[in-house]
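Letter by letter, the chains look like this.
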Amino acid sequence: MHAIISSIQRFSINDGPGIRTTVFMKGCPLRCMWCQNPESISPEPQVMCYADISRPRLLTWISETPKLIQRLKAGEYVPPEALNGTSAAFLQSYYRGDVMFVGERKSIEDVMSEIERDRIFFCESGGGVTLSGGEPLAQRRFAPELLRRSKQAGIHTAVDTCGHVEWESIENVLPCTDLFLFDLKHIDPEKHRAYTGVSNDLILDNLRKLSTADAELTVSIPVIPRFNDDEPDVKRLGEFLSTLGHRLSVRLLPYHHFSKSKYKALGMSYPMPEISNREIRTSTERVSGILEGFGLRMEG
Amino acid sequence: VGRDMYQRGTKYPASAGVWGLGLATAADSLAAIQKLVYEDKTITLEELASVLRSNFENHEALRQFLLNQMPKYGNDDDSADLLAKEIGELYCREMLKHKGPHGEFYLPLLASYMGHINAGETTGATPDGRRAGEPVSDAASPAQGRDIKGPTAVLKSATKIDYTLAAGGVALNIKFAANTLMGQKGLKNLRSFLKAYFQNGGQEIQVSVVSRDTLMDAKAHPEQHRNLVVRVAGFNEYFVKLDANLQDEIIARTEH
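First to last, the sequence lines map onto chains A and B. For the first sequence, the numbering used here assigns the number 1 to the initial residue and increments by one for each residue that follows. For the second sequence, the numbering used here assigns the number 1 to the initial residue and increments by one for each residue that follows.
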């Protein structure tokens, strides 16, 4: 069993309790304008280029030299002296790490053994593994199996989901997931569609169902000034969350634009307007205040 | 008139510590030779030696390959770590065999204060991609900025070495971004991190916080700081990959 993984990050300390290893999977059904992991949106492997070279030319070069690329991916040293000028220049960027391939097809065994590496830190800190992405639950066979094996190995499990999946996909991982980090980007279905590409009907529905399950539940709300911080909207959000029972907690994720360079490296334009840190701070405090007013348990 | 311990003034023989440095530089260099020369056979030992003698002149591509694409100690990768273990333990065992003219013990250290800078000045280019004159790795730490798999991988690598042989002491340097250690949660994670290290054979560690100066240096010399990670929930990116203005923003946020 395989999945396309964009990265595996050890010592993740913001994706659930303790010291964790986060597995970022590629492919997402949403197109959030403020997406912080644009390299995880497409399910396909991609090229990221941080060097100042023409992306179309780079992509052409890659598609025209499959054998060379294969050798590079295998970690082989190809001397640039034997190649023409363009190839030699691209090669140098690759060796420097400024051109890289994101999205590696990995077997479940490989991912498990990578997770196992930090077991001593999980045990000591109450940490474990977090599946993130992209949308991990879009990997309908891989995600449940990885969680099942982790659980069996005595490792705490968390799933960071956008919620826009069939209920069965969530149900399938329920027995082996300790914690859900469930994203809720907007309470209004139309605004949700405008900013993420889909309505939130399925997401709200899944969240209602999930709130009655045994697993621990944290609702993650990205705070995006001017997009989802309108007072009436936040109040509706608070009302909705407060009907889901008292067990869930709420975590606010203030907007940041550190992904800009990743967009550039992927040849994508950055869709968000300039938002100042001051505006983000003010907005986050306001949203937090409103939600606390609904008696919700706020994290952090 | 009293005599000090080095003039046989003490009842028991004195001991002399011997600095150990450049462990990672040595291990990474041998790992590169093993892979490139003996496994892949893409370059001969003579060719590599001549590239090193020329301090990588006209061979920047090869240098970048050696720097960025070869196994490095500090990433929980046996192909470099086991070489570090072999070199470190060999050196310690050898030191322990010898005695000084007055019967002093030589106590091997895997620590070196600032010795790695001086040693680097007189050391030629090395097969790990390091240029002539640049510092070698300090003490038992990974080479500068090459530990790109995060701090847990560093500790996993470091604990593969049997430190009970380093009778003079060990030093392992590790840096965290300030926000990593913030609040109760940050402190708790740091405590767990250190506890796991010592329970698994760790002897000594020096934790410091990434300073504004380090970040400025990383902006100017990305090559030495490839390990700095920007950590936000559900997100990660290496500092050296950020655009200059985003780097400035993070620098501005870091306290003096």
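Check before you lean on any hint, since a few could be wrong.
To be verified - DSS-like cross-link-like pairs, simulated, lysine-lysine; straight-line CA separation at most 27 Å:
no.	chain 1	residue 1	chain 2	residue 2
1	B	K35	A	K67
2	B	K160	B	K97
3	B	K35	A	K106
4	B	K188	A	K151
5	B	K35	A	K73
6	B	K219	B	K195
7	B	K11	B	K85
8	A	K260	B	K219
9	B	K188	B	K219
10	B	K195	B	K85
11	A	K151	B	K185
12	B	K41	A	K73
Simulated from the structure, these hints should not be mistaken for lab results.
Hints and how they fare:
no.	hint	in the structure
1	B:K35 / A:K67	20 Å, holds
2	B:K160 / B:K97	23 Å, holds
3	B:K35 / A:K106	23 Å, holds
4	B:K188 / A:K151	23 Å, holds
5	B:K35 / A:K73	15 Å, holds
6	B:K219 / B:K195	33 Å, violated
7	B:K11 / B:K85	35 Å, violated
8	A:K260 / B:K219	17 Å, holds
9	B:K188 / B:K219	30 Å, violated
10	B:K195 / B:K85	22 Å, holds
11	A:K151 / B:K185	24 Å, holds
12	B:K41 / A:K73	17 Å, holds
Hint violations for this structure: numbers 6, 7, 9, all remaining hints satisfied.
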